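Chains S and A are the protein sequences, given in the same order. Under my numbering, the first residue of the first sequence is numbered 16, with each subsequent residue one higher. Under my numbering, the first residue of the second sequence is numbered 13, with each subsequent residue one higher.
Hints are computed from structural coordinates only; laboratory data are not their basis. Hints are supplied without guarantee of correctness; some may be wrong.
[Said to hold, decoys possible] Here are the simulated distance ranges between beta carbons: (1) 101(A) / 28(S): 44 to 50 Å; (2) 84(A) / 391(S): 48 to 54 Å; (3) 326(S) / 84(A): 42 to 48 Å; (4) 93(S) / 101(A): 34 to 40 Å; (5) 294(S) / 84(A): 26 to 32 Å.
[As the list claims (entries may be wrong)] Computed list of lysine-lysine pairs in BS3-like fashion (alpha-carbon distance at most 27 Å, straight line): (6) 45(A) / 58(S); (7) 125(S) / 104(A); (8) 523(S) / 45(A).
[To be verified] Here are a few chain A residues that sit away from chain S, every Cβ distance over 12 Å (derived from the structure): (9) 25; (10) 42; (11) 44; (12) 85; (13) 105; (14) 136; (15) 165; (16) 167; (17) 171.
The structure displayed is predicted, hence computed values, not measured ones. Heads up, the beta-carbon is just placed ideally off N, CA and C, and yes, glycines get one too.
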Amino acid sequence: MAERIGVYICHCGSNIAGTIDVAEVARWAGENLEDVVVAKDYKFMCSSSGQQMIEEDIKKENLTRVVVAACSPQLHEKTFRWACENAGLNRYLFQMANIREHISWVTSDKLAATRKAKAMVAAAVQRVRWQKPLKPLPVEVNPRTLVVGGGIAGLQATLELADAGFPVILVEREPSIGGHMAQFDKTFPTLDCSACILTPKMSEVGQHENVTLLSYSELEEVSGSVGNFKVKIRKRARYVREDRCTGCGICVEKCPTKVVDDVFEAGLGKRKGIYIPFAQAVPRIPVIDTDNCIWFRRGKCQVCSKVCPTDAIDYDQQDQILEFTVGNIILATGWKMFDARRIPQYGYGRLPNVFTALEFERMCNAAGPTGGRIVLRDGKTEPRSIGIIHCVGSRDVNFNEYCSGICCMAALKFGHLVLEKTNAEVYSFYIDMRTNQKGYEEFYQRLLHEGMKFIRGKVAEVTNADRTEAEQGRLIVQVEDTLLGRQRRIPVDMVILMGALEPQEDAKETARKCGISCSLAGWFTERHPKLDPVATMTEGVFVAGACQGPKDIPAAVAQGAAAAARVAGMISKGTVWIEPIVASIDEAACSGCRICNNLCPFNAIEFLADKNLSRIITALCKGCGTCVAACPAGAITGAHFTNQQILAELEGALWDAQCEGIAGEVQPAELPILPRRQAIPA
Amino acid sequence: MSNDAHFEPRIVGFFCNWCSYRAADLAGTARIKHATSVRIIRAMCSGRIDPMFVLKAFALGADGVMIAGCHPGDCHYLEQNYKTMRRYALLKYTLAELGIEEDRLRLVWASAAEGPQLAQAIDHFVEWVRQLGPLRWSRNWEERQREKAIEQIAHEHAEALEVPV
């Protein structure tokens, strides 16, 4: 019986239709491809009316196969499979041609795009003919979840899941959880103290019976798939035994080594060679910094070991690799601050009184290196005026094109703190003031009334080269005031650079481990930018917080909770259905050569010595298809990726070459009907 | 080398589902303009690419074939791309034996985050194949096959004659 194939070409608004002549592709498919009984183009195939159209056609036209040419199958294959299933057609009798990501978005050559679109549609039509109805396989979801990153987003996700009664493993790279929020003094726009709202959450996580907290640890490796991931965690050696340490802190007090703390104090303060990053750290267990510890460098000292009342110091401790199985993974790996040295004209690192935003956060913090006093680098002089420079490394084609989103509000917060704590004047040098969340604009108005001075313009330079007496010994901010339309030189004593939020240095590495992708800037890519900002293209891997893009605290918390809700949903469902893409061996054709046996890294192929043939253990097979490609007898079939299907797709993809018989020659306007290929004899 | 500057090669891409196909998607999402000559066929893993598919692609009129997979060590299926690598080396050898420039086949690694790099690799390969010119294997093969078959028969005949009775 001939198949009845329905072909649908999506316009995707102008995303596809702007480059590809969709009507022509639909017409061509209907007239030239065999067995195509319906060929339509439509504005948005993924819309409910688009889906409805497919469902109706399946019923009315008795379609036995469906092809949709639209975006990447990673995005909407599921959608259309459901539409087919709704109309009673097995979901694996559907095929998608990617004409958006692979064609219309990468070229402006309409002719070439339309031609390639035809090839991809022909490929899908040729392939779909050979597709077979399949049934998805059930996988039980392991209720344990891995959360990577103990900042506010990760903490929120951890608590939501742990409170719901599910076990969570929380991995944090630093010695303590808390993330960037632990460094802050106040939070905008309500000015509640950051530590006061964060530390209860931290200790709750530290003490929660459902949470396994692995601080000073890193994600090493991820394998497996949704419901059943195997993860390896490197638990770095602290050189302090966690089972013995009481967190009394005597070792820290007595340690003779002092080094600049680049991480928690952002380089503004110092810490010891053995240290607890901050007073409310969770867990409250110190770590030895082996780069600076006298014992590790010169084999002398051991003061910490001598003073420890519980004998917890262990200089021989080694990194441990811990293995867990988890059902889902939430990545909340956060952000890093733009290195202000990359813009030399702003003088950071050269002019002592130029500070980064993180340094200033620590300076304002009552628990910080200056005890909350706003002073110049000398540690005593109060500034008479302060300049805050916005968009340092953001909204700048030379560094990051995106807006970091939070810096305007952070700058306003700094302005408020300065006006509150000192008699200094505060200047804000902004490009545009972006205060678009609840209560933010009101906060901006408040600062206008409090007397913060706003100058609209991108700062050209911060310099100490004075021209007048008033500028002597001060920092001069050279800026074009775009509201006045002239250049200004504003002398200040201190400059704060509102650096961009950037992806973590190793974000790409983490993405690779988890099989997800990053945007060009390096932020983790969500499944859908609008409708699914929490899931990723890899089932069972979710993202939360600033690792997905710059975010303020409320947004990070919301996303952390959302990711947890998604995971909780998966766990309470209990079973996920995975694609039945597995290999199987035709016993009659298997010669027992055992070539396939060694190819499988999952040991999914067993050899039956008594029958002299190999068999695939379906539960272990992951469906890569390497054995299928290797079998000399062609006895192995890879479901949904059979030789027949791939070869048919190949023929379709090269339809134009076949019609001419020769590649690379000028195309005739109309080409003969593509012949239907013969079945490969088994 | 081709003299035809307007020759637009037809290239088949076999891309793995996890890294390289997503890299191609990312190149699209990021609107990185590149050549449209590569017609991408998705497989779950580059290890699925049967050498037969590559030969078939050439036979059906492809001027080049690009296989793309995850970086070594990054395979979604642990190590199957190493098997691709081995097959690739053998396949290149076979292609040369069959009289096809081995450069018409290229293996590239692209992680899901490497959209721009993949776009560049595609452009580079397309340019490379453009330099090589059209393959026209099926036609050439038919022509040459006849000559070769005649040669072969003559050779065998001569050998048979030399066999001492």
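Hint-by-hint comparison with the structure:
1. 101(A) / 28(S): 44 to 50 Å: The hint (44 to 50 Å, Cβ to Cβ) holds, given that residue 101(A) and residue 28(S) are roughly 46 Å apart.
2. 84(A) / 391(S): 48 to 54 Å: holds, 52 Å
3. 326(S) / 84(A): 42 to 48 Å: For residue 84(A) against residue 326(S), whose Cβ atoms are near 46 Å apart, the range 42 to 48 Å holds.
4. 93(S) / 101(A): 34 to 40 Å: Between residue 93(S) and residue 101(A), where Cβ atoms are some 38 Å apart, the hint holds.
5. 294(S) / 84(A): 26 to 32 Å: With Cβ atoms ~46 Å apart, the hint is violated.
6. 45(A) / 58(S): Measuring from Cα to Cα gives roughly 24 Å; hence the hint holds.
7. 125(S) / 104(A): Status violated; Cα separation ~35 Å.
8. 523(S) / 45(A): The hint holds at about 22 Å.
9. 25: Its Cβ does come within 12 Å of chain S, the nearest being 9 Å, so this is violated.
10. 42: violated, 5 Å
11. 44: violated, 6 Å
12. 85: violated, 9 Å
13. 105: holds, 17 Å
14. 136: holds, 15 Å
15. 165: holds, 27 Å
16. 167: Check passes; 29 Å lies beyond 12 Å.
17. 171: holds, 30 Å
Hint compliance for this structure: hints 5, 7, 9, 10, 11, 12 are not met, and every other hint is.
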